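Asks: All chains, please: the whole structure from these sequences, using the hints.
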Amino acid sequence: GESVGLHLPTLSVQEGDNSIINCAYSNSASDYFIWYKQESGKGPQFIIDIRSNMDKRQGQRVTVLLNKTVKHLSLQIAATQPGDSAVYFCAENTLGTGRRALTFGSGTRLQVQP
Amino acid sequence: KAGVTQTPRYLIKTRGQQVTLSCSPISGHRSVSWYQQTPGQGLQFLFEYFSETQRNKGNFPGRFSGRQFSNSRSEMNVSTLELGDSALYLCASSLQTPGVTGELFFGEGSRLTVL
Numbered sequence: 001g002e003s004v005g006l007h008l009p010t011l012s013v014q015e016g017d018n019s020i021i022n023c024a025y026s027n028s029a030s031d032y033f034i035w036y037k038q039e040s041g042k043g044p045q046f047i048i049d050i051r052s053n054m055d056k057r058q059g060q061r062v063t064v065l066l067n068k069t070v071k072h073l074s075l076q077i078a079a080t081q082p083g084d085s086a087v088y089f090c091a092e093n094t095l096g097t098g099r100r101a102l103t104f105g106s107g108t109r110l111q112v113q114p
Numbered sequence: 001k002a003g004v005t006q007t008p009r010y011l012i013k014t015r016g017q018q019v020t021l022s023c024s025p026i027s028g029h030r031s032v033s034w035y036q037q038t039p040g041q042g043l044q045f046l047f048e049y050f051s052e053t054q055r056n057k058g059n060f061p062g063r064f065s066g067r068q069f070s071n072s073r074s075e076m077n078v079s080t081l082e083l084g085d086s087a088l089y090l091c092a093s094s095l096q097t098p099g100v101t102g103e104l105f106f107g108e109g110s111r112l113t114v115l
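These protein sequences, in sequence, are chains A and E. According to my numbering, the first sequence is numbered sequentially starting from 1. According to my numbering, the second sequence is numbered sequentially starting from 1.
It should be emphasised that the hints constitute simulated quantities derived from the structure, not laboratory data. Predicted, not measured: the structure shown is a model, and the values here were computed from it. All C-beta atoms in this analysis are idealised placements derived from N, C-alpha and C, irrespective of residue type, glycine included. Any given hint could turn out to be false.
Quick partial rundown of chain A residues pointing at chain E, CB under 10 Å, derived from the structure [claimed, not checked]:
{"no.": "1", "residue": "G16"}
{"no.": "2", "residue": "I34"}
{"no.": "3", "residue": "K42"}
{"no.": "4", "residue": "G43"}
{"no.": "5", "residue": "F46"}
{"no.": "6", "residue": "D49"}
{"no.": "7", "residue": "S106"}
Replies: Listed below in structure tokens is the structure:
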């Protein structure tokens, strides 16, 4: 498969455990945030999004938490499975500008040990 | 329904050449965005097209250009290739109109290697 990043921070967890992936953003004007999953050889896949008027949003096995005070975003994956192994990116945008361009974080590699 | 299709998947060029990459969005999607992905710089926004018009542009030199056709298919072109242009080029399509970010659906990318 294609290497997404050679020196990504790596989170290694045991199958069945919960995973928490963190992301810090710098633009205080950002008001829309997305988490993407990228498997080797594939394009990023949408996981979950959240707007700045919320601090928590839940999906299937995933929860995103947003702390605007410290500009921090986290993705929690419950009961992590081997199929969750991938690189995870957070992305941000500012809806009010009309500029439709996501700014991506550098990514975190999640390795799930069976 | 079919996803975002990018062609070619892999290509090798030499410095100074030019390259054209193609993207077919999901049927019904009118917004197409392009991103460059490298190990060093990560994912960076190149440009976005909607209704055949470039709506937004990232911080890339003029060697990088694109266009969108009436059927929403898009192409991007890189002229006078440099070694640093080696990257995975990703296309993403969306139903949303410009200024309203919605879910982006990415293709699998075109892997460009410049020798």
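Asks: Evaluate each hint against the coordinates.
Replies: Here is how each hint holds up against the structure:
1. At its closest, the beta carbon of G16 (chain A) sits 29 Å from a beta carbon of chain E; the interface hint therefore is violated under the 10 Å criterion.
2. Among the interface hints, the one on I34 (chain A) holds; its C-beta lies about 8 Å from the nearest C-beta in chain E, closer than the 10 Å criterion.
3. Interface restraint check for K42 (chain A): the shortest CB-CB distance to chain E comes to about 5 Å, inside 10 Å, so the restraint holds.
4. At about 3 Å, the closest approach between the beta carbon of G43 (chain A) and any beta carbon in chain E falls short of 10 Å, and the interface hint on this residue holds.
5. Nearest Cβ of chain E to the Cβ of F46 (chain A): about 5 Å, under the 10 Å cut. The hint holds.
6. For the restraint placing D49 (chain A) at the interface with chain E, the shortest Cβ-Cβ distance is roughly 7 Å, inside the 10 Å limit, so the hint holds.
7. Residue-level restraint check for S106 (chain A) holds (minimum Cβ-Cβ distance to chain E is 5 Å; threshold 10 Å).
In this structure, the one hint that does not hold is number 1.
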